[in-house]
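Undergrad: Using the hints provided, position chain B relative to the given structure of chain A.
Line order of the protein sequences matches chains A and B.
Each residue of the first sequence is one higher than the last, beginning at 51 in our numbering.
Each residue of the second sequence is one higher than the last, beginning at 37 in our numbering.
No lab work stands behind these hints: they were computed from the structure.
Since we're looking at a predicted model, the values are computed, not measured.
From the three backbone atoms N, C-alpha and C, an ideal C-beta is built for every residue, glycine too.
Be a bit skeptical, because a hint or two may be false.
Stated by the list, open to error - Here are the in silico distance ranges between beta carbons for each label pair:
#	chain 1	residue 1	chain 2	residue 2	range
1	B	111	A	154	36 to 42 angstroms
2	A	78	B	354	37 to 43 angstroms
3	B	218	A	241	36 to 42 angstroms
4	B	400	A	361	32 to 38 angstroms
5	A	176	B	393	54 to 60 angstroms
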Amino acid sequence: MTALAIRSFNFATKSRSGLLVVIALLVLLFFFGALISDRFRSVSNLLNVFEQSTGLALVSLGQTLTVLTGGIDLSVGSMISLLSVLMSGTIDGEAARVLPVCIGILVLGAAIGSLNGLTVIWLRVHPLIVTLGMGALLQGVTLLYTLGPAGSVPFEFDYVAYGRLLGLPVGAVFTIALFILVALFLRYVPFGRAIYAVGDDEIGARLMGLPRKRVLVFVYAFSGICCALTAIYLVGRFGVGNVYTGQNYTLASITPVVVGGTMLTGGRGGVIGTLFGVYLISLLNNLLNFMDISSHYQLIVQGLIIILAVSVYVEKKRAV
Amino acid sequence: MLTLSSISKSFPGVKALDQVHLDVRAGEIHALVGENGAGKSTLTKTIAGVYQPDEGQIEYDGEIVHWTSPGEAKSAGIHVIYQEFVLFPHLSVAENIFLGHERRGAFGLIDYPQTDRDARELLQRLGVEIDPNDRVSELTVADQQMVEIAKALVHKVKLLILDEPTAVISGHEVELLFKRLRALKEDGVAIIYISHRLEEIFEICDRVTVMKDGHYVDSKNVADIDRDQLISLMVGRDMSELFPPRVGEAKFGDVVLRTNNLSVNGRVTNASIELRAGEITALAGMVGAGRTELALGIFGGLPMSSGSVEIDGETFTEMKPALAIKKGLGLVTEDRKGQGLAMQLDVAANITASDLDAVAKYGLINTIRELQIARDEIREYQIACRGPRNPVATMSGGNQQKVIVARWARTCSKVLILDEPTRGVDVGAKVEIYRIMRELAAKGIAILMISSELPEVVGMSDRVIVMREGVVTGELSKDQLSEEAIMQLATRHEAA
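Bound conformation, chain B alone:
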């Protein structure tokens, strides 16, 4: 179906792909794995005609092809669902689905009733209830993903590429997605599946190709290998090394933050939690359980509708982010591009952004001092970049995340909240982030980690608070901790 031989692609300063091979057959789900920066996205974009390879050849459907634009690959039946969806928020669902392939009536004009009918039928086939007339910006992320898949169906897709499709959805939605993918596979569609979640690869993929640093490592039948072997192919590192051990004995201090019946309008109801100095507490639950909203409520990003937050014995019934920062709180948001980093600014500016007083003199920024601080932090957190003046936009997700953590670690003295800190981050960078969390905890900072990845919750936390539908449903101490116990508290199942 698709065979890539010895593909190389360079960008100024980096060789993104170096002699990469890939062979995908019709009717199979082929996993493409590797750390961030391994070249998966570049490879994807090369297949999709966004980039043209410098060397090597692409054979598709029995022919050697030289695509010069995404349009050519698309009309050949290749559809890519990028991590950041290609949806037009101001257009309706139906308009998005048929964009570029409009349903036409007389004189080649757009036939709206037909568009509406066909969109309804497609969405029904996917088993989702979405109104084709809704604007895409009004949909949930999971529904937006379904619209992306509906688009693929319109285009008579032969090769479907999904880049981290489950990074943004959870639970039932993932099952629904897998069901759809299996059905497409039955229809003979070839699927390339990119994911950091190895469980998923074992669940739905037939074969896997591993990439590292722009090189091809190996291709295997999924049935022939196990999880640990796959990880060692990816990083050459053992699974047991993933979660670094605690530095010294567990020594928790006083409660530094407490919420008393905190509610956030419609999303969180009467949540009472405690965070202790030096302790890593995980906040687990499904996407939409109200975890992010609780964190924002504590930090002042969302208004509290009732209840209060107590920081170091001081009670607040109203909170603003500026005040939270002053009281020693830090928040690493889930969406690092939208809410965390100034993407066009460099590493130094981003690191010092929340602590400009430290680099300012007479109200002016002392750039020498700024660079000094940035260099120290780059060394401390092992941030891979060309230097303090490297714009963060060009860095990998893991390193961007380290920049944010470095920034908050500078100002936050009591509580650091991390919302999905390792989402979309490769295994190597994950280990780094875990190590940093351990170190901060050892310094006496209370850490609240929101995470949907159960192995991470079990591996990292000293205590777990579970939420479901806006309510805290339980708390598990280190010795009660297991993935099953968390799932029971997180799903409706146990509530009866």
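Just chain A, same shape as in the assembly:
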């Protein structure tokens, strides 16, 4: 019965044994942390980690889909920065503008993402290059718009980050719901299947008559929307957008994807693995803070985790 449950669980997330590895690591890390620090295992600290993981989770969700198609989105950091300054700059403290501007930011994120996807198709340049270029371009635009924090949002807007729903952080709960929705989409909607197929064998997908172009535009547009959601969350959290707010997210968003068992070559993996990857990274950083280890070491530990995680997922092929 358990075996069956595990099997169907793995099947559902498409990452097979990968998911179990992340969950096992997460549990291990938690117990290790609980042993060395009382405050670490306190409910308020865990809720805090849960809340803080929201930004990373949202970017990584979009990133997972681009990686599933065999691509990558390196413009996410700059896009978050740009969208966040545009957002607080246009709202400029006016409560009435919050809703329309948020919608506008989401549309703009989707538009920039679509542009990424279309450029990949039109110019036949690898997404790595297209989005790297787009990232630089967007950062430039951001700095033209403002050189520092721009505008502000009404104080109450911090609800998206700190608000509580049944005692849980609102943003984080919304994020989990979104992950589950996307996981179901990938499994139960034929278009989701096409995303895997394009990443598995792009030429094959074309020969099969699958909507390859629509898939590419969709995943980059979705990544753009996820960036917009991250920007909204971050603006809520800090009360203002800043020109370098998103900077660290570009590389950070790839770590949970890889740790969660999605192959960088595409075609295999899933978003649930990514979500656990996000929690693993967030919990680890939190624990390192409690252990009074400098953030420089945190980077080193993260680097090691990426490399180790990937080596776990590599399909063990017969060495010739």
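TA: Frame of chain A; chain B shown alone:
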């Protein structure tokens, strides 16, 4: 059903199709033959909507069609099984079968139980035992092909095109495939069958269209012609010229390589064979008999689990490819794209790849010397290419194979192992490869040729070693050699 009139298609620098005609009727199996580079694949892709013709018209199901994408041709009932399958290794069998035609339940969402049931039923109809939940990457090649055919059945296929379907399967699997094709034909499906194996055309095809160099040559009823006539249509050359005669008298030297009870984990058991200088020895048997594994065991590509290899009197119980090369061995692998050639590199780089010392000076590659060597080899082996800087990816299979042989002939001084050297290669290039093998043998190199094509084994070899299920079942000398004798040793039938 399908009529192509005066189809032409050009790519930069080549006219791939020039005024080609083809007429395929419902309920017939129509063979499409021609040497590699004759334009069969381009024609196939034109029918499938991958390419759009520059001139001419396609009439399908009574209508003139202008497909702009493979999807349109597919929804019109055309299904192509390419030589390289269009399967997604990380998806399951069932997911592959219904890809693009997912079984849907409520709200248009994928209905997994239904998918599973339908996949099971389809596979059962094909008479194969495949678990729909397996990932495709875990299947054998023959099973993968059955999944491809199952896909065609889902799509309510009206025209099925198979490109070299038997290149990757053998024996029983071929029979099973033919049975399926005949059943489809009975159902009124039109089938275009591309194959280099002429026996098959006579076995299952009704009509045949011959192409050469992008031109249409002729269409015939298969019943009206014989094998030799068909070959002369294809190449304008006689069958007897296919296997070049030995250069001079047969003169075999000493045993240069011997295996003593060599076993390769689970695949080869206690194989003891001998190879003599100047002799062409064939290693025959069914696909899966352990021939490739024995070759890899000798070459160090797979670890020996017991036994030893003796090269020139020196005994090795462990082998690595680098050591094998140093001892004068060469291996032309079966899968030339995956294991043999660096497809994106040019001819010169590929030829000199295993012998960089010859072109390097002070640890740097001397490109002038490299080009010189490449030009010599291109002339020597009559490799058709635009020059030493031509990337091998754009060349035909036969010429790619010549590049690999040229490379190994440079470094290998004692034993050259060729695994299915003429698979997927046209008749003209086959003759070339046979000629090269003869020449290398005349120079005193021991040649071990793994081949599943019996006429080739009989026509080329001085001696044949037969394997079945990992065991050497017998050896035939030149005067004992016949296709029947080989088959008896290769199949279970005789073992009783």
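Undergrad: Hint by hint, note whether the structure agrees.
TA: Evaluated hints:
no.: 1; hint: B:111 x A:154: 36 to 42 angstroms; verdict: holds (39 angstroms)
no.: 2; hint: A:78 x B:354: 37 to 43 angstroms; verdict: holds (40 angstroms)
no.: 3; hint: B:218 x A:241: 36 to 42 angstroms; verdict: holds (37 angstroms)
no.: 4; hint: B:400 x A:361: 32 to 38 angstroms; verdict: holds (34 angstroms)
no.: 5; hint: A:176 x B:393: 54 to 60 angstroms; verdict: violated (35 angstroms)
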